[in-house]
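Student: Go by the hints and put chain B onto chain A.
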Amino acid sequence: MTPELMEAGARVREAMAHKAHGGAGQSGGRAASYGRVVQDGVLDTTHGAILYLDDITVSFDGFKALNALSLSISAGELRCIIGPNGAGKTTMMDVITGKTRPDVGKAFFGSTIDLLRLRENEIASIGIGRKFQKPTVFEQLTVFENLELALKADRGVRSSMFFRLDGEQLDRIGAMLALIHLKDSAQRVAGLLSHGQKQWLEIGMLLMQDPKLLLLDEPVAGMTDEETERTAELFLSLEGNHSLVVVEHDMKFIGELTQNGRNGKKVTVLHEGSVLAEGLLSDVQANDKVVEVYLGR
Amino acid sequence: MSAVLPSPSRPVGPGTSLLSLKAWSGIFIALVAVVILAPVLNLAVPQGSALHLSDYAISLIGKIMCYAICALAMDLIWGYTGILSLGHGVFFALGGYAMGMYLMRQIGRDGNYQSDLPDFMVFLDWKTLPWHWAFSDSFFATLLLIVLVPGLLAFVFGFFAFRSRIKGVYFSIITQAMTYAAMLLFFRNETGFGGNNGFTDFKRILGHPIATPSMRMTLFVLTGLALIGFFLLARWLVGSKFGRVLQAIRDAESRVMFTGYDPLRYKLSIWVISAVMCGIAGALYVPQVGIINPGEMSPAASIEIAIWAAVGGRGTLVGPILGAFFVNGAKSWFTQVFPEFWLYFLGALFIAVTLFLPQGIVGLARKLGGKDKSEVKA
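As you go down the protein sequences, you meet chains A and B in turn. Its first residue numbered 1, the first sequence is counted upward by one per residue in the working numbering. Its first residue numbered 298, the second sequence is counted upward by one per residue in the working numbering.
These are computed hints drawn from the structure, not numbers from a lab. Check before you lean on any hint, since a few could be wrong.
Stated by the list, open to error - Using 16 Å as the maximum straight-line C-alpha spacing, the simulated EDC-like pairs for lysine to aspartate or glutamate come out as follows:
#1 134/A with 548/B
#2 99/A with 559/B
#3 152/A with 166/A
#4 99/A with 352/B
#5 152/A with 168/A
#6 500/B with 416/B
Just so we're clear, the structure is a prediction, and the values are computed from it rather than from any experiment.
Chain A with its partners taken away, still in its complex shape (with noise of 0.2 Å):
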């Protein structure tokens, strides 16, 4: 933290002192430009933005993966990221996730967590959820087992040695089960599921995490269509307390999503590291340069 900022901070504390008195602050009364003191490690959306990206490079042996990437989502949005393969799309998720150490560029989340400064494990912690493209679950463990370990829950070495499940969790544990229509197999061993169950599995042990928000990854690789329908309404149902970002080829499922852009949810499309258009599908499929980029012409 730099002098100045901490000095600013301190003033935000004098001034909310004096607020607490009854007195009016240097901007009489009214929220200044800086109105709240930071709190380490909680999220801050209070300026309508979850995830920020900004200008964010990442070169492998000077290709360049992400070319100056910028990209803001809103709290509670589900944002749909489409693009041809290596446009960017899983590098700009280790970005955000902590795998990947940007060249250039910034990454917060919410308005005060600096996300290039975090490891993964504290990422997770914060409320990061990410979905892998293959989907990937603790193969020798069961079903139960893995939504235990995922269950949110304090991630120390001593707590998980004398860690016992209370009567609230078995029942969420259990309702995910049911959510994840994997109630009969919660014994199994999850390595013997289905690629679709896997998927399915993956994203239950997403959602005990509680996360904020969820990064997917192609999510519906693999699955049916009844599936992949079902993995729509869920999506649907979680907008709102949750933000999620969804990679997806599959542009079905982006219509589903999307409804057809008849709910106003906007996508993005990425090509060669940066953003090349946002917005309705509709008006993004309609878009010259998306077409070309598509279908070469």
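Tutor: Relative to chain A, chain B alone:
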């Protein structure tokens, strides 16, 4: 969140009891065998009787029980966490050396040179004890060192290795390098650990003569109790959520991280626990075999620990204990009957287990018993 979820109905969680009734009776039988049966058959039954358990058998089983503790420790780190250590011998040897230093001091003036210093120091013409021998005359300090020295080395080594995210075969190789480096260090006379001869000719422990039948039996019983105790500890660890996180790290470490767990802490914890177990095993081993030398730190010694675990069955706890008994039992038989074929047999055994018995002895027993546990976990 809960508003989204359908009506709850309570699922059945993992078992809360440490062991099944059958397993508890197994523990009970093991306890009786170690604490009552072995002492009676060895000390009370006369030597000519068919039921007499020879001193040779007692010292062999006592030694193998120390190995079994190492195999158990290896199972925690390799079988459950998926980290293959090829350097666990160094922790075993460090525990052994800590005990050996105490036993050397217990010799007192009864050595060949009738000096207060251990014989090898007199031989090197040293006049005073080196600094690291300062606490070696205290049994209590020795007990602390047995735990702290392997624990501290494991902590420092593990911290840097895991923080740098060294994994798989690379980790195995540097553990191998670690034990090799330690061996070279201990081989040198200047380091003050008796060079290539190590420590031997022990006379007493806590003032009691070390080579008596009753002392042999005491050490045997202690080792047996330690093995049973460590088994229960390991069982508790792998049955807890901690143990499930370890298995999760083995299966999908990135998912563990993105679920909010810090794999470094988990890996480091089990790594240190495993190293301390080996150190204690080494400390029990030295008074029973009467010698410790840098050979225990040779890369081959560490690889053998991994072989015991693999032969018995990784990720089963019981398996590695059985593996230690099976391989070492076979070793002592072979080296008596066909000494020149032992290494061929060991090699063939390892290849056979890798090819045909990926689950080891325990996996074979399960297959024969018709209980294939891979389908549904009990």
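Student: A separate judgement is required for each hint: does it hold in the structure or not?
Tutor: Hints, one by one, checked against the model:
The suggested pairing of residue 134/A with residue 548/B holds, with an alpha-carbon distance near 14 Å, which does not exceed 16 Å. This hinted pair checks out: residue 99/A and residue 559/B have alpha carbons roughly 14 Å apart, not beyond 16 Å. Taking the CA atoms of residue 152/A and residue 166/A, the gap is about 13 Å. The hint holds against a cut of 16 Å. Our distance criterion of 16 Å between C-alpha atoms is broken by residue 99/A and residue 352/B, whose separation comes to about 59 Å.
With a C-alpha separation of about 12 Å, the suggested pair residue 152/A and residue 168/A falls inside the 16 Å cut-off, and the hint holds. About 13 Å separates the Cα atoms of residue 500/B and residue 416/B, which keeps this hinted pair within 16 Å; it holds.
Against the hints set out earlier in the document, a violation occurs for number 4 only.
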